Structures are given as structure tokens and as C-alpha cells.
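Enquirer: Add chains B, C and D to chain A, keeping to what the hints say.
Here are the chains, one letter per residue:
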Amino acid sequence: MDGIHVEVTGQRLGAAAALAFCDAPGHGAADLFVGRVRDLNQGRSVRGVSYDVHTALTRKIFAEICAEAHEQWGGGLHLWLSHRHGYLAVGEASVIAAASSPHRDESFCACRYLVEQMKQRAPIWKQEHYVDGDSEWMQGHALCGHG
Amino acid sequence: MDGIHVEVTGQRLGAAAALAFCDAPGHGAADLFVGRVRDLNQGRSVRGVSYDVHTALTRKIFAEICAEAHEQWGGGLHLWLSHRHGYLAVGEASVIAAASSPHRDESFCACRYLVEQMKQRAPIWKQEHYVDGDSEWMQGHALCGHG
Amino acid sequence: MQREFSICPFGAFRRYGEGPMTVSVPAGATVAELRTAFAATLQDDAARKLLACSALATDDALLNESEPLPESAELVVLPPVSGG
Amino acid sequence: MQREFSICPFGAFRRYGEGPMTVSVPAGATVAELRTAFAATLQDDAARKLLACSALATDDALLNESEPLPESAELVVLPPVSGG
Numbered sequence: 001m002d003g004i005h006v007e008v009t010g011q012r013l014g015a016a017a018a019l020a021f022c023d024a025p026g027h028g029a030a031d032l033f034v035g036r037v038r039d040l041n042q043g044r045s046v047r048g049v050s051y052d053v054h055t056a057l058t059r060k061i062f063a064e065i066c067a068e069a070h071e072q073w074g075g076g077l078h079l080w081l082s083h084r085h086g087y088l089a090v091g092e093a094s095v096i097a098a099a100s101s102p103h104r105d106e107s108f109c110a111c112r113y114l115v116e117q118m119k120q121r122a123p124i125w126k127q128e129h130y131v132d133g134d135s136e137w138m139q140g141h142a143l144c145g146h147g
Numbered sequence: 001m002d003g004i005h006v007e008v009t010g011q012r013l014g015a016a017a018a019l020a021f022c023d024a025p026g027h028g029a030a031d032l033f034v035g036r037v038r039d040l041n042q043g044r045s046v047r048g049v050s051y052d053v054h055t056a057l058t059r060k061i062f063a064e065i066c067a068e069a070h071e072q073w074g075g076g077l078h079l080w081l082s083h084r085h086g087y088l089a090v091g092e093a094s095v096i097a098a099a100s101s102p103h104r105d106e107s108f109c110a111c112r113y114l115v116e117q118m119k120q121r122a123p124i125w126k127q128e129h130y131v132d133g134d135s136e137w138m139q140g141h142a143l144c145g146h147g
Numbered sequence: 001m002q003r004e005f006s007i008c009p010f011g012a013f014r015r016y017g018e019g020p021m022t023v024s025v026p027a028g029a030t031v032a033e034l035r036t037a038f039a040a041t042l043q044d045d046a047a048r049k050l051l052a053c054s055a056l057a058t059d060d061a062l063l064n065e066s067e068p069l070p071e072s073a074e075l076v077v078l079p080p081v082s083g084g
Numbered sequence: 001m002q003r004e005f006s007i008c009p010f011g012a013f014r015r016y017g018e019g020p021m022t023v024s025v026p027a028g029a030t031v032a033e034l035r036t037a038f039a040a041t042l043q044d045d046a047a048r049k050l051l052a053c054s055a056l057a058t059d060d061a062l063l064n065e066s067e068p069l070p071e072s073a074e075l076v077v078l079p080p081v082s083g084g
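Note that the protein sequences, when read in sequence, are chains A, B, C and D. Using my numbering, the letters of the first sequence correspond one by one to residues 1 to 147. Using my numbering, the letters of the second sequence correspond one by one to residues 1 to 147. Using my numbering, the letters of the third sequence correspond one by one to residues 1 to 84. Using my numbering, the letters of the fourth sequence correspond one by one to residues 1 to 84.
Just so you know, these hints were derived from the structure itself, not from any lab. Note that the coordinates shown come from a computational prediction; the quantities given were computed from them, not determined experimentally. Every clue listed holds true.
With a straight-line Cα cutoff of 30 Å, these simulated DSBU-like cross-link-like pairs (lysine-lysine) come out: (1) D:49 x B:119; (2) A:119 x C:49; (3) A:60 x C:49; (4) B:119 x B:60; (5) A:119 x A:60; (6) D:49 x B:60.
Chain D stretches covered by chain B per the calculated footprint, using a threshold of three residues with CB under 8 Å from any CB of chain B: (7) 8 to 21; (8) 49 to 63; (9) 70 to 81.
Here are some chain C residues the structure puts well away from chain A; computed CB gaps all over 12 Å: (10) 1; (11) 3; (12) 19; (13) 68.
For glycine and all other residues, C-beta sits at the position ideal for the given N, C-alpha and C.
In isolation and in its complexed conformation, chain A is listed as follows (with noise of 0.2 Å):
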């Protein structure tokens, strides 16, 4: 759709496209947020995350989410949402939301709503390996669909 880009890859993700994305000349603000692989969870150090991403799904679930955020916040937004899957090392970006709007609320609360609602209902799955040589797939969050 006009205005959104989705994207589920095993390369690096960028901050500079998703910003070169979420621009327009009547657009005033731009929000943008990454998600990175931290070195310590719960207690426990951290030497990597392995991502387990359903693709074709959760492009189709990202383009519901974006389109959810139109419909909230205007369809003149731009809006992207991209996830990298493999295996990444501490500090490597493992998701990239950004949104731009007119007025700052907007991108601030759409990025914000890319965000959670990925978390929800994208089928991904993050598994901590661990710098013991452990390692552990996370609790989360149960898909509705099977109720």
C-alpha cells in the first residue's frame, strides 16, 4: 500500500532507509525506533539471539499493523516496519519501526503502536543463546485464532 513498506530480511537493517522512507515535504516529524540485541537478560549474559520468523505471515500481519495505524492516525502517514531473522550478535538491530506525519503526535504514536502490536501478533521467535553455551527460546506472547 501507498505509503508503507513491510520487510522481513536476513540483512542488516538501516536506520538511514527507514528515514529516507518516512519523509514528504508536508511531513514535520518523523519517529523512528530499533530494537537491538542486548548483552544481558533476565540475569543471564547473552552472546546472541537466533530470530525464527515465519515470513510470508508476519508480512502479511506487519501490512494489517501499518494499515490498523492509517486508518488511526491518517493515511497520509508513512509508515515502516521491517524484521531482520538468522542469528545476531549483541548490539545488531533486530527490528526497525519508523513513522512520519504532518505533526509530531502522530509518528510518535503510530511508531509506538508498530511496536507493541508487532510484539502481539508477529510470528517470530527469539531464541537466547547464552555466553555459558546454553541456550533458551522465550516466553511471549499467544496468537489469538485458536479461540
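Expert: Just chains B, C and D now, kept in the frame of chain A:
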């Protein structure tokens, strides 16, 4: 202060530097805001904006705002607040605010706080230049301190 | 007549099978019936617990428990998600 | 004894003087008294209105109306702000 970067500059603002600063092995989240010059304001076609800035006071107030964010959301946050002065064409970035933190809520809240407080408290003035040749100083927020 | 479904595991479900798992149900069964049949094939208590909080889906959409099974015989099992 | 202050305009106040404006008040005057004296030097009604909603400051800090004037004779007048 540690983890705080404030800046007033006549040079182009870059998001990459802000995102590089707002990064740490323990930080899983970063939020970045870009304010840009819009082509239209209150129905008038804008060709550019001149920013008049009291540099010394603005730097001081930016540092105060960041210190307040540290107090509210944790001293470990990395915070960036930069504003440009001089003439900017439509589409150029006038302000960049960014924050990084272990978890995302703090990044979103702190970044928004920097932007809102900057708009209320920093001695910066916007003069819009219109396509028809006219110019206008924008209405704004009265500074406290003479009450 | 029985229909055979191939169910591909994702996330934590990969612990219980790297490749697709096969489940057989009567033609005309519902998604809920497939889920029950799937649970019966799992050896592990933890796997059955994980299935109970997982969604079944095609590559297009999550499946509703009360609905008939889809035309496609290729399904996926999606445990609770943890993206970002 | 009179003290002379040089007040540098910013933002919309630049309409009423490109360079610093000079205002003279008795030594020991308060910021409020300086503000009154400043207003009296302005020709324009609009300028006086703008002054009424502007802050006076040094390069270090905003000034409080009830306080004595600062040591520095270099002041600034800061109309309502519109950054971002």
C-alpha cells in the same frame, strides 16, 4: 554529563550520529525523533525557515532537560538532543532527539520528553519564509522566570 | 476417508521436531479435532502444554478452532511469539 | 547612580531593533523595574505587548522579576519560543 549529548549547530543534523551515541550493549531499545521543515503551515506555502537560537542558554536548557530525563527514567539512558540554527529549506532537519535504554518504554518516554520540553523551554525562534515572499515569526510558548 | 496434514513447527516447537510432523484426521474434521489428533501424536507433556497455547495456521492466516480444515494440507504450528 | 543595561533582542523582538537596546535604571533596581524602563523606551504598542510576554535573561539564566539586577550589564530579551 555521562550519556548526554546536547548540541546547537549550523551544520546539517545527522540521525546516524545520534543512533551511534544512543547505543550500548545493555540497551535493547532506541527511539529517535526528527523534526523537519514542512512545506505548508496553516495553509501557507513555506519555502524555508530561519531558526534564531540563543546558543549558550539553549545548550544549558538542553542539558537540564536531559538531566531531568535521567532522573525520571534512569541515569543509564543515553540521550541526544541537537538543534540546528540558521536558514533551512523544506525537508531539512531542524531537531534530532534520541534516547536508548535497556527496555523500550523508557526510550519512547524519554525521547518524547526531550522533544516536548525543548519546544516549551529552549530559547529558539522560528521565522517562516513563504513562497509569496513574505516572512513571519511564529507564535510560541512564553518562557517562565518573570512570574 | 482420512486426510493427512503436514504441520511445520516454529520457535520453541522446533524442540519437538525439526521437520514437518504428520497428523491424520477424518475428512470434514474441524481445526479443534486436528489439534486433538496432533496432541495425541506428541510424546512429551511439555510439547502438549506448548501446543495448548499455540496457534495453527496456513501460510496465509491463523485457523479458527470451530471451522473446517483448510484446503491446503500444509500447516504450521505457532507457539507464543517473542519478536522485536 | 544609574546603571546602563544593553539588551539584545531575539526572535520576533528583532523586528524592534537589530542590535542591542540600551536601558538605564537606578542602581539597585529590580528586574521588574528594568522591564518598566525598557517598555518606556519602546515606540510601538506591539513591541510593548511582546515585551509583556517575554523573559529577560543573562547568557546564563532567566531573571526573576522580584530579584535585583545581575552583575552583568549584558542582557537578552526572549519572546515566546517556537523551536523544533
